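Residue numbers (my numbering), protein chains in the order written: chain D, 1 to 316; chain W, 1 to 283; chain E, 1 to 342.
None of these hints come from the bench; they were simulated from the model. Hints may be right or wrong, so weigh each one.
What the hints assert, rightly or not - DSBU-like cross-link-like pairs, simulated, lysine-lysine; straight-line CA separation at most 35 Å:
#: 1; chain 1: E; residue 1: Lys-93; chain 2: E; residue 2: Lys-138
#: 2; chain 1: E; residue 1: Lys-340; chain 2: E; residue 2: Lys-93
#: 3; chain 1: E; residue 1: Lys-179; chain 2: D; residue 2: Lys-67
#: 4; chain 1: E; residue 1: Lys-277; chain 2: E; residue 2: Lys-48
#: 5; chain 1: E; residue 1: Lys-185; chain 2: D; residue 2: Lys-67
#: 6; chain 1: E; residue 1: Lys-328; chain 2: E; residue 2: Lys-308
#: 7; chain 1: E; residue 1: Lys-213; chain 2: D; residue 2: Lys-147
#: 8; chain 1: E; residue 1: Lys-135; chain 2: E; residue 2: Lys-93
#: 9; chain 1: W; residue 1: Lys-133; chain 2: E; residue 2: Lys-340
#: 10; chain 1: E; residue 1: Lys-138; chain 2: D; residue 2: Lys-67
#: 11; chain 1: D; residue 1: Lys-147; chain 2: E; residue 2: Lys-149
#: 12; chain 1: E; residue 1: Lys-238; chain 2: E; residue 2: Lys-47
#: 13; chain 1: D; residue 1: Lys-50; chain 2: E; residue 2: Lys-320
#: 14; chain 1: E; residue 1: Lys-308; chain 2: D; residue 2: Lys-50
#: 15; chain 1: W; residue 1: Lys-9; chain 2: D; residue 2: Lys-67
#: 16; chain 1: E; residue 1: Lys-304; chain 2: E; residue 2: Lys-333
#: 17; chain 1: E; residue 1: Lys-135; chain 2: W; residue 2: Lys-133
#: 18; chain 1: E; residue 1: Lys-93; chain 2: D; residue 2: Lys-50
#: 19; chain 1: E; residue 1: Lys-304; chain 2: E; residue 2: Lys-320
#: 20; chain 1: E; residue 1: Lys-47; chain 2: E; residue 2: Lys-187
Stated by the list, open to error - Partial chain E-side listing against chain D, Cβ under 10 Å, derived:
#: 21; residue: Gly-64
#: 22; residue: Lys-66
#: 23; residue: Gln-67
#: 24; residue: Gly-71
#: 25; residue: Pro-142
#: 26; residue: Val-188
#: 27; residue: Ser-193
#: 28; residue: Leu-200
#: 29; residue: Pro-216
#: 30; residue: Asp-339
#: 31; residue: Ile-341
Since we're looking at a predicted model, the values are computed, not measured. All C-beta atoms, glycine included, are put in the ideal place defined by N, C-alpha and C.
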Amino acid sequence: MAGSRSFLSKLGDGDEIARLVTFIFAGSVVLITLLLVFELWRESYLPRHKFGFGFFVTSVWDPIFDKFGALPFIYGTVVTAGVSLLIAVPLGIGAAIFLAELAPARVSDALQFFIDLLAAVPSVIYGLLGVFVVIPVMRQYIQPALKNSLGFLPFFQGPAYGVGFLTAGMVLAIMVIPYIISVSREVLISVPRDQREAALALGSTRWESTWKVVLPFARTGIMGSIFLALARALGETMAVTMVIGNTPTISASLFSPGYSIAAVIANEFTEATGDLYLQSLIELGLVLFLLTFLLNGMARLLIVITSQRGSGMGQA
Amino acid sequence: MSHRLRWRKFVSHFMLTMTGLCALVAVAVLFFILGYLVYHGGTSISWNFFTNLPAPVGETGGGMANAIVGSAKLLLLACLLGVPIGFFGAIYLAEFSSGTIAFVVRYAADLLNGVPSIVIGIFAYSLVVLPFKHFSTLAGGFALGLMMIPITLRSTEEFLRAVPRALREGAMALGASQWKTIASVVVPAAYRGILTAILLAFARVAGETAPLLFTAFGNRFWSPGWNQPTASLPVMIFTYAIAPYDDWHRQAWAAGLVLLGLILIINIIARVILSRGVAVPRT
Amino acid sequence: MKRLASLFLAVLALVAIGVAQGALSINGAGATFPYPMYSKWFDEYHKKNSNVEINYQSIGSGGGIKQVTEGTVDFGASDGPMNDEQLKAYQDKHGFPILHFPTVLGADVPTYNISGVSGELNFTPEALAAIFLGKVTKWNDPLLADANKGVNLPANDIVVVHRSDGSGTTYIWTDYLSKVSDEWKNKVGKGTSVNWPVGLGGKGNEGVSGLVKQTPNAFGYVELIYAIQNKMPYGKVKNSSGQFIKADLAGVTAAAAGAANSMPDDFRVSITDAPGKTAYPISSFTWLLIPSKFSDGTKRDAIKGFLKWMLSDGQNEVEKLSYAKLPKEVVSKETKDLDKIQ
C-alpha cells in the first residue's frame, strides 16, 4: 500500500505506520498467550482421553505401570496454600490495619517500602533459607512442641521430619504476606474518612471503628488480596519443592511429606519417559494454570468492586 | 458503665498493639533474610567465587563465574523480548486503541502474568528446545522474556495514561502528528515510570529458577554463543542447596547474597526514581 | 547512560563470541550415580584437550534416557540399562540404534543417620525389603536387631529416604529388592521411578545424601562415593552366600567377575545379588548411552576420542573415587565396539 508512494507522503502516514507497528506488538501478546493455552491443551490429550475426569480423583502415580492420578498433587497444593493463608491472612490484615489506620503516613510509607522489598525476594532464596533454617527449626522445636500440645488432633501426628506440608505452608505464608499487606493497605486507606469519623463520633474506640466499620467496608477488596495471595501460593515451585518432601502422599497430618503440582513438574519433567507420563505432567500444568487463572480473575473483580464502592460512596 | 468502657479501651489498645506486632514481624522477616544471607554469604564470597568455573564434584575451590555470565546473557535476551513488546504494546493500548481490542490485549496480558513460572518453562521447552534439539540460552531467555512482557506492558500503559491530556493536546495544537507527539512529548514525560516498570520486571525475572530448569538447563563450563545450555545463578543455588557438600552450601549462600543484593538494589533504585517523578497510581 | 549500555552490550557480545570460537561443546545428561567420576573425567579430559568441552548435567538416569531420545543432548547416561521398549522408541525416532558403553562399576549402599550409631550396621535382604515396604518402622525392630547384636538401636521411627526423580540408582536398588523379595517384586517392581510405599523424596544422589545427612533417624540408598565424600556411615549387606559384605572395590569387582566373561553384546547386564563369597550384592555397571550415528563428524570424533581415553587412562582414575575398574574383558570388547559409532 505505502510502497509505491513517495517518501514525503509516507511521513504523513507516519501515524498509520506507528499504529500498525504498535498494534503488531500488542497483538503478539494475544498470540503468544493463545499459543500457550493451545499448546497446553494439545500436549495433554493422551491422559485426558485415557483417564478423563478420573485423573482428578485417582491417587496413584505409578510411572512403571503407566497409572497417573492427580489427586495427591492437588491435595498437596491446596493444603499448603491453605496453611499459608491461615498464617498469612491474620498477620497480613493485622499489619495492613496498622499501616493504614495507626501509623503516621511517613512511617507507613517507609514500612510499606520494606514490605515491597520482601515481595521481590525470589523463590529460590526462600527455598535456601527453608532448607537451612526453617526445616531444622521445625524438626527440632516447632513440630515436637505442636505434637506435645496439640498431638491429639490428626493434624499434628506422625514423625517430625522437618519437611512436609506444614513447613511448606509456613514458607509460603512468608512469601504471600506482602501481597495481602500491600493490597489490603491500599483498600483500607481508600475507605472514606467519614465512615471512620462517624463511628468515632458515635463513641466507638479506634479498634471498634476499625473492626466494625472500616474492615467490613473494605471486605471485598481484602478478599481480593487473599485471592491474589492464593494464586501466588498455588504456583510457587522452588521454595515448595525444597521443603515439602517430594512424596505423593495424602495425609491428614501436616507433618507428613507431600507433593505439589508445581513441584512434581519441576522434578519429573525432564525425565518423563513415555508420552503418557509427560503429557500427564502437562495436564497437571494445565490444571494449575486454570486454577490460578480463575483466582486471579476473581481477585481483580473483587478489588475493582471495592475501589468503585470507595470512590462512589462518601457522598451518601 | 465506666468498667465496660475501660475494657473496651483495653481491647482497643491491645488489638492495635497486636497489629503493630504483625507489621513488625513482616518487616523483621526481610531483615532476617538479609542478615542471614549477609552473614553466611558474606563469609563465603571470595575472588574464586567470581572468577572460577565449578570444580569437579566433591572438590573445593570452584566458583560461579559461568553462572554469573550465564544469568547476564539470559537477562539480556529476556529484555530484548520483553521490553519492546511491553513498551510498544503499551503505546498501542494507551494511545491508539480503545474498546474491544484493548480489552482483549489487556486480558491476554493478565492471563500471561498469572501463568505459573513452571508452566512457562513447559511452553518454552516445547516451543524452543524441542524444535532446535538443544537446551539453550535462547530458550531460557525466551521463557524469562515471556514473563517480563505483561509486567512491562501493564505498568508502562498506566504511566503513559497518567501523562496529562494537556501535554498531548498542546503538542498536537502545534501541528505535531500523533506519533511525533508520542515520541517527543508523551514518552519523555512518562519515562521515569517506564524505566521503573522495566527495572522492576527485570528484577522479577532475575530471580526466577523454575522456567530455566528445562530450558537453559545447566553447564559446568562457559556457554559458547546462544545455542548451548548455560549455568545460571538461581539454578546453581537450587542445585547446590539440596546437595550434601558443605563447600557447595557455602557457594549457594554466596550466590544467594549476590542474587538478592542485585535484585534489592534494582528495586530500591526503581522506587527512588519513581518517587522523584510524577506521583502516579501504582498498579 | 546510553553509551554505557552499548559499551556493556559490546563487551557481552565479545565475550559470547570469543568463547564461542574454538571450543566444541558436547552436551550429555543423566545418572547422578557416576556424576563425581564423570565430572572429574570431563574436567581432566578438557585439560588435556582444551578445545573439547563435555558438559554433563546430572539429572538422573531417567532424564538421561529421555533427553538423549529426544535428541536435546548428544549422549545420555544411566545406571539402569534402557529396556527393550525404550531401545525401540529410540530406534523408531532416529532410525538407528543407541549403544550402551559401560564406564565404571559402583555400588548402592544403605546409609543412615542414627545418633549414637557411627559404625556399620548389618542388613539382611529381608530387612531391607521390609523397611522399604513400610513393614519395619522402627530401628530396634527384631529384624534389624537380630543381625546387629551388641548395637544399641533406638526405638525411633525410621525415616526412609528415596529418590524423587527417575534414577538408575533406584533401578539398581529395586532390581536387587525384586530379586530377594517376591513381595517387593509383585507389589512395587523395579524401575527408575517406582511407586514407593513409604518415604521422603530427594532429588538425585545429592538430594538423598543431603536429606539423610540432615534428618535424624534417616535411612536411604546412595552411591558409595556420596556416602564416603560426606562422611556418612553405611552398612554391610548380606550376599547370596550368607556373608555380610561392606561395599568396596574388592566386593564390587567380585560381583562383576561372573559377568565379565558372559557379557552380552549390547552390554546390558545386571550384577545385583551376584554369586560369590566376597561379592557385594548391590553392585552395578553404569553406562553411557551413545547414539550409533552422528551427523556432525567433529562431535563423533570427539566422543570417540573421549571413550578411548576413558577406557584406558580414564580407568586409572576411578579407584581414587571408590569406583571399581571395568574388567579387562569388558574393556577390550568395548574398544572393539567403538567402531560401531559412525
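Comparing the hints with the structure gives:
no. : hint                    : result
1   : E:Lys-93 <-> E:Lys-138  : 48 Å, violated
2   : E:Lys-340 <-> E:Lys-93  : 19 Å, holds
3   : E:Lys-179 <-> D:Lys-67  : 24 Å, holds
4   : E:Lys-277 <-> E:Lys-48  : 41 Å, violated
5   : E:Lys-185 <-> D:Lys-67  : 17 Å, holds
6   : E:Lys-328 <-> E:Lys-308 : 14 Å, holds
7   : E:Lys-213 <-> D:Lys-147 : 24 Å, holds
8   : E:Lys-135 <-> E:Lys-93  : 43 Å, violated
9   : W:Lys-133 <-> E:Lys-340 : 23 Å, holds
10  : E:Lys-138 <-> D:Lys-67  : 31 Å, holds
11  : D:Lys-147 <-> E:Lys-149 : 33 Å, holds
12  : E:Lys-238 <-> E:Lys-47  : 42 Å, violated
13  : D:Lys-50 <-> E:Lys-320  : 50 Å, violated
14  : E:Lys-308 <-> D:Lys-50  : 47 Å, violated
15  : W:Lys-9 <-> D:Lys-67    : 61 Å, violated
16  : E:Lys-304 <-> E:Lys-333 : 15 Å, holds
17  : E:Lys-135 <-> W:Lys-133 : 45 Å, violated
18  : E:Lys-93 <-> D:Lys-50   : 23 Å, holds
19  : E:Lys-304 <-> E:Lys-320 : 24 Å, holds
20  : E:Lys-47 <-> E:Lys-187  : 48 Å, violated
21  : Gly-64                  : 8 Å, holds
22  : Lys-66                  : 5 Å, holds
23  : Gln-67                  : 6 Å, holds
24  : Gly-71                  : 14 Å, violated
25  : Pro-142                 : 20 Å, violated
26  : Val-188                 : 8 Å, holds
27  : Ser-193                 : 4 Å, holds
28  : Leu-200                 : 5 Å, holds
29  : Pro-216                 : 8 Å, holds
30  : Asp-339                 : 29 Å, violated
31  : Ile-341                 : 23 Å, violated
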